[in-house]
Structures are given as structure tokens and as C-alpha cells.
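Protein chains in written order, with our numbering: chain A, 196 to 472; chain B, 196 to 472; chain C, 196 to 472.
Hints were generated in silico from the structure; no laboratory data involved.
One thing to keep in mind: the hints can contain errors.
Same chains, same label: a pair holds when it works inside one copy or across any pair of copies.
[As the list claims (entries may be wrong)] Mimicking SDA-like on lysine to any residue, the simulated pairs with C-alpha atoms at most 25 Å apart in a straight line are: (1) K266 to Q380; (2) K406 to D432; (3) K266 to Y304; (4) K266 to D240; (5) K266 to L458; (6) K266 to Q360; (7) K266 to P246; (8) K266 to G279; (9) K266 to I311; (10) K406 to S258; (11) K406 to P430; (12) K406 to A329; (13) K406 to L350; (14) K406 to P395; (15) K406 to G313; (16) K266 to Q326; (17) K266 to S375; (18) K266 to R376; (19) K406 to P247; (20) K266 to H407; (21) K406 to I311; (22) K266 to V327; (23) K266 to R206; (24) K266 to G347; (25) K266 to P325; (26) K406 to Q434.
Predicted, not measured: the structure shown is a model, and the values here were computed from it.
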Amino acid sequence: MSQYTPSTTPRPVVAIMTDFGLGESDVGVMKAVIIGITPETQIIDITHAIPPQNVPYGAWVLSYGYRYYPKGTVFVCVVDPGVGSSRSAIAVHAGDWYFVGPDNGLFSYIYAQQTIHGAVVLSNSAFHLPQVSATFHGRDIFAPVGAHLARGVALHELGTSLDPQALQRIYVQPPERYGSRIDAQVLYVDTFGNLITNIPLSTVPDLFSSKHVQIVFLTNQVVVDRRRRFFAEGPVDNQPFIFGDSSGYVGVALQNGNAARSLGLGPGAPLTFDITE
Amino acid sequence: MSQYTPSTTPRPVVAIMTDFGLGESDVGVMKAVIIGITPETQIIDITHAIPPQNVPYGAWVLSYGYRYYPKGTVFVCVVDPGVGSSRSAIAVHAGDWYFVGPDNGLFSYIYAQQTIHGAVVLSNSAFHLPQVSATFHGRDIFAPVGAHLARGVALHELGTSLDPQALQRIYVQPPERYGSRIDAQVLYVDTFGNLITNIPLSTVPDLFSSKHVQIVFLTNQVVVDRRRRFFAEGPVDNQPFIFGDSSGYVGVALQNGNAARSLGLGPGAPLTFDITE
Amino acid sequence: MSQYTPSTTPRPVVAIMTDFGLGESDVGVMKAVIIGITPETQIIDITHAIPPQNVPYGAWVLSYGYRYYPKGTVFVCVVDPGVGSSRSAIAVHAGDWYFVGPDNGLFSYIYAQQTIHGAVVLSNSAFHLPQVSATFHGRDIFAPVGAHLARGVALHELGTSLDPQALQRIYVQPPERYGSRIDAQVLYVDTFGNLITNIPLSTVPDLFSSKHVQIVFLTNQVVVDRRRRFFAEGPVDNQPFIFGDSSGYVGVALQNGNAARSLGLGPGAPLTFDITE
């Protein structure tokens, strides 16, 4: 979607995403481990408010913004319901970035959108903390591995090479098109209560120029057929409207209101999208 | 209020304030854009918990602490209900700092308290991301402009000069004094539930030395006439008291309790303040 | 518990823990003061979600992770119900780290676990902000003192030396052992709703190898006698199980569920722990 080309920074950047919340000290401890290994790291929090163990949601949030991070950024991502089980810990070099975390589908969008240059199982314990717990791989494996990548350790030193085809993927529901109709769903509700669908804006270039556009939410038969190019366009009339979200997907919003709450809709809600030229 | 003189730091500092919350990846993406342009930036989060689109609240929170930031700090502030409409995007050099954001009154306290050295409309797209969305100017305009300012780009390069008189201002309700009585209001409820009024401590230098001081909240006729110079002064008696808040304003608190909840009061609640010498 | 040896970093590190929440600008202002004094500081947030004025909880959260921070890290900790009263402001050099905050027991676990090399009352106002408020010592005293320590100022320059024996301590409830039975309690509920007890894993090395282990929660007589070495071991059967938490203590959890809510238990809940070889 974006044509933004991020720069290559001279300072290593590590971006962290977890489902830990900010109520505990776990995120801070991961940063402490990273800084202990690569002191000059610039650490950026993606978010730590992924709903606990919600891998699909985490995958989506990561996919939303990773392209804006500088080339070479190491993403350390921990949404990991299988911690301590046989699920693998991995590092993947895809596009211009590195991704470190559990092999549970958290990077599915990345695999779909970027060329995978290499992938390894994190089998080389020389790059882990000396003592690895059964429940906190974020601190003991992912943070130190991310810090070593950030200081320039090569991917292949981190462990055994892995066939990119074997990487775990979750099913990322694509919308289905039947002529002028698209069967789609709500992917996500943002902070403002906007309903973000799984319809890429790039697939509907005539969203604002066509004669008529209509979304019908199937669970409650609510019809939305107004369009706004930006939120402050038109009066505050408390009517939902279709807009192009900055994530690159079609959205439904209320100006100065919460569309999800007003319409009683949330992630997964099915909808049909019709466009009349 | 404060006589603290911040130092000039050799490392660029960008401070960010938004109403995005921390549940999404938007704040992280803004930081990624900044670091991509000016890698050595020291980024400080002011807060991202401004209630959505509440410009007066955001203006107040910003005014509370900006003086403590190093000289040259660039404040990137996004509380922007008018994003995508005709409201201007601006950068202002005021006092020892730079302020970047929408021209909607978010910087009203700054304009009232500091000398404005220059202001521009952000019309030079060379300092924006290549592709500007209609809904996320924080990422596409304000973050990159802030990063360019932080690396030393001159204000006038960012766009067309603007008459400081033309900058949008919100009405910042001042208290009104009638002899020994001040008609005022609750400006703000802090994390601890303390009620912070709009009466500057500097206007009541005899707050603790005068014979009697009394606040009457007009909506429920609650009278508060105890005073404490600090929270732990006196017994835990569950009685509200008047204190001098570190923000520089008169406050009302309960020791180990939540005054706002106990008294059923919030922002905007009218009050009279009486002082007897 | 951990045998991790943190490195010594060339860049100063300051870690901050408060009960301020992230809704206000107070944490940002503390960082601004630190960066103004020591611009190259790497600042790490431990957490700012300590329940307001809950010193025992703050002490516990700090104890959980400080060992993972680089040697020389300065911890600036503000959970301070007595701010402005006669409680002292202190800095302590213990183990490989420095601790700055109120003398109210917040560092009790540190004192119990590390050698105290020195302690001072922060009586030298040359290292404070020029104007010290009665209610925000985090900004006016602790942040600047922490920044000066981080840039290399010696501990003894900060104020009058203090006998380590005189430092305030809170009672850190240890479990009591009677043969194979341990009388203990819930110390803490983590983000996932796991109940973390005050029984160190090091005191029950046979937790997973013994024939039978049983926890009885005394308030509701709930018995937990399943054990899991990691969360994803065994089926999702909605039954609570005993596990070894990464904090180094025995915990009780539900896979994909919230044990605290399901069992109706919280911090302080008494329990007995029985182990049969």
C-alpha cells in the first residue's frame, strides 16, 4: 500500500510487540536484556496491548505498520500461547527486516507480503541467556537473540536453517469477490471504535469516484452508503460512513463517535460490499 | 511558575503527545518514521492517553510540563478531530521549543505563556512522507516534520510563514476575582483523583499563611476548608483538603483516597474560593 | 534464582518505576529532566502501573526483574505516599546497581538480597531542581539525582551518609515450612490472571519429580494438584494447575484462562502447599 521507503539507520533499532500489558515489569526486563547486550540500541514499542495470546490480532497489528520501520529493524514479537511446548523459536529475514519470535503464525502477513531471505530455528543457545525458563522466552531467548541480530550477528549463526515453506502460517481471511460484490468481514476495531474491514483500498480504486457504494453488515442488516474522504467532511450527523483507513483498508466510522459500539459490531462481523460504477 | 532552566542537549529530543492510546501500533509507527529520519533522536512520550479528540484537555496536559523539557525539544502533538479537513498543519517556534501539530488550539497555553518567534503552515511536502493519507497526519506529516526540525532544518524551510496572531486559540477559562473571592472551576482530575483547579498558586501566595481559606463546590455545596502543605501532613481522616499541586495550581485531595469520586466532581465543576487574611 | 550476569554498558541506563499511570504527563516530565542533565541516558520504563501508593506491590515488582538490568543501572522509583512529610529521600548502592527513591521500604527486597555498599540521605540540594515542590519529588529530586548518578557523580556527594541498618524495610512475608507442609500466600496476580505464590522455586527442587504436590487455598478450600512444566503441556481442560513461574516462584494457572478470576482469589490469599516424595 505505502510507497514509503524507510532509510537505513546507523543505530540498531529493535521494535517490540507483546501481549504482556504494561502492568508488569516484563517488558522492561526484555529491554534491560537488550541494552545489556547492545547498549546503543534504539528500542521502539509497537504495542504491548495485544489481547493475551491472540495470535491473529497480533499478526494483524504487526502487519499494519512494519513497513515504516527503518531497514534492518529487528522485530521481537511475543504472543506465545505455546511457550515451553514443542513450538519452535525462530528468526526470519524477510524484506528489509528481521523478525524474532515463536513459530505460531504471528508473522503470516509478513511471509505473504515480503520475500523471505532466510529463516532459522533458534537452536544456538550461545545467543540465549545462560538459564532459560519454561515460561518467559521473551526475556530468555527472543530479547537476547534480537539484541545480537541488532549488533550484527548473522542470521545463520543463530541456529539451524529452516525451509521457509515450513514456517507456521495462520489463515489470513481474504475477501472474496463476485463481480461487483465483495464478501468480506471486520478485521479489527481501532481505538476510536472505527470498524476496519479486510478489503484493501488498492482493490477498490474507484471507492470515491464510483456512483454508489454500499456496505451491508449481515448480522444486523445495517446499511452504510455514505462516503467521506476525511472525518471532518460534512456535518456531525451521527450517521456512519465509509472511509479509506490509513492502514490501507476500507473502514466504517462515525464522526466524533464510536461506530463499533453504536452499530453493535466487532472483529469477524461478516459484510457485503457493493460498488456501482 | 517554575524557575527551572532546562539545559540545551547535544542530542535531538522529540516529545510526543497523542490521543491514540497504546492499544494500537500508531505511536510506534510515528517513532519509526522519526528514527528513520533522525536516528540519534531521544524520543520521550508525554502521554498517549488524552481522551480521544479532546483538544482542551490535551492543551492543558501539554502546558503542565513542557517547561521541563530541554531547550530545542520538538513537541509533536496529535489531538486532531479535524484531520483531513481544511484545518492547517503547523510548526511554531515559541520560547525555547518547537511545536508541531494541527492548528486547532492545542498550543493555546504555549502562545499565552511564551514569545512566538515564528510560525509556518507545513506546505513544503518535501518534508512529509512521499504519500500522505487523509486520516493519519501524525505518521505522514507531523512525525517527519518533527524529525527534520530535530536534525536542524530551519523553521522557514517547512512552509509558508504564518502571522502568529492568526494561530487558532481555544478559550482557556481564567478564574475571575472579586475582592477576596475567586470564581473558578475544576480544570482537571489527575490519576490519584485529585481535583486540580484553574487557580494559579502564584495568585494566592498567602494560601497557607492566611487565617481561613474555603472552597465551595457549587454543584453539591461541598465545603472544603482544611489545608495541607503535603499529603502526609496530619491524620488519615478521610476529609478532603486544599493543597498546592505540583502543576502550579490549587488542588483538592483526600489522603489515600480519590477526591473526585468521593465528592462526585469532575472537570468543569464550578467553585468559589474565599480567602480571609 | 537467575544466574544471568548483566554486562556493564558504556551508556548510562536509568530505569523508572512509578505509580503515576500513563494518563498524565508526569512520567514524561521526569524523563525530560533526566535527559536535560544526562542527554545520552538510555531510559527504560519498568512500569508505571503500580497501584497508587502500594509500596509492598511496588517493592515486589521491582524485585522481580532488577537483576536483568545492566550493572550500574540507576533505578529511580517513586511510590511515595509520604511525599512532603518527614520520610527521607535516599540513594542506595546495593549489589551492582543504584536505587533512588523514598525511604519507605520500596527497596526491602534489594536490601535482603544484595550487599549494601553505601546509602545517603539526599540532603545536597545542588543535585535537585532549583525549586522543589511539596508534592512531586519524582521530578524535583529523584529524577535529577538519578541523572547525576548516571553521569558518574559519586554517591557520597549526594548527601549525608546513612547507616544501612537504619533504612526502612517492610515486612516481606516469607512462607513457613512445617515438614512437608508450607504455609504460604498469594503474593501477586499477573496480567494473565496467574496466581504467583511467595514460595521460591529454589525451596522445592522436587516440584515436578515428587509423587504428589497439592495446594489448598484456605478461603475457599479449592484444591489444585495438577502440575505442568509449561502452559501448553496437556489438553485445554479448564482445570487449574501448578507451575514454576519465570519470576522464580510457584504459581497456579489456567491454560488460556484467568485463574485469579475463576477461583475468586487475589493477593494475600492464604494457602498450604504439600509435597509427597
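**OP:** Tell me, in ascending order, the numbers of any earlier hints that this structure violates.
**Re:** 1, 5, 7, 8, 10, 13, 15, 17, 18, 19, 20, 21
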